[in-house]
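In the numbering used here, the protein residues as written are 1 to 120.
No wet-lab data here; the hints were simulated from the structure. A portion of the hints provided could be inaccurate.
Restraint-style ranges between C-beta atoms, simulated for each label pair [to be verified]:
(1) CYS22 to LYS2: 26 to 34 Å
(2) GLY50 to SER112: 55 to 63 Å
(3) LYS61 to ASP30: 33 to 41 Å
(4) ALA12 to GLU72: 37 to 45 Å
(5) GLU3 to ALA115: 38 to 46 Å
(6) LYS61 to TYR109: 28 to 36 Å
(7) LYS2 to THR56: 56 to 64 Å
(8) THR119 to GLY50: 37 to 45 Å
(9) GLU47 to LEU18: 46 to 54 Å
(10) ALA68 to PRO107: 30 to 38 Å
(11) GLY81 to TYR116: 49 to 57 Å
Dumping the calculated EDC-like pairs for lysine to aspartate or glutamate here, alpha-carbon to alpha-carbon at most 20 Å [stated by the list, open to error]:
(12) LYS20 to GLU41
(13) LYS33 to GLU72
(14) LYS61 to GLU86
(15) LYS73 to GLU47
(16) LYS20 to ASP30
(17) LYS49 to ASP64
(18) LYS73 to GLU41
(19) LYS20 to GLU35
(20) LYS20 to GLU48
(21) LYS83 to ASP64
(22) LYS61 to GLU47
(23) LYS33 to ASP97
(24) LYS73 to ASP97
(25) LYS4 to GLU14
(26) LYS73 to GLU37
(27) LYS73 to GLU35
(28) LYS73 to ASP30
(29) LYS104 to GLU118
(30) LYS49 to ASP24
C-beta atoms are modelled at their ideal positions from N, C-alpha and C, and glycine is treated no differently.
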Amino acid sequence: MKEKNLWLTYEADELDALEKVCGDYRAFLDAGKTERECVTEIIRQAEEKGYRNLYTAEQLKPGDRVYAAWMEKSIALFQIGTKPLENGMNILGAHIDSPRLDLKQNPLYEESGFAYFETP
1 MKEKNLWLTY EADELDALEK VCGDYRAFLD AGKTERECVT EIIRQAEEKG YRNLYTAEQL
61 KPGDRVYAAW MEKSIALFQI GTKPLENGMN ILGAHIDSPR LDLKQNPLYE ESGFAYFETP
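Given only the sequences and the hints, what does the whole structure look like? Please build it.
Quick look at the structure:
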């Protein structure tokens, strides 16, 4: 069975939509190089979509969108439903993996003619 390159099956309008998603994701990665920068960018995007800070919200009603950030390193977003909480809730979770390089105090060493950085 020959493998099919699915990339070649996209129509032009689908490629345009995919490029927009990828462009938005690249912009997010540029804006969020650390956990704190990611949380700041998520808050910015959430507020553009009508979310508000849970800690300053006086009252919540069905349909409200709120977020809660913790120590500027983690964030949770909520949309208040119409049914009682006793009926359950839907949860979608993710975590922030900010790419970065953590170096030791004296990270540089040489071996076999190469220079290396030692990471924790």
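In ascending order, which of the hints set out earlier in this document are inconsistent with the structure?
-> The structure breaks hints 6, 9 and 19; every other hint is satisfied.
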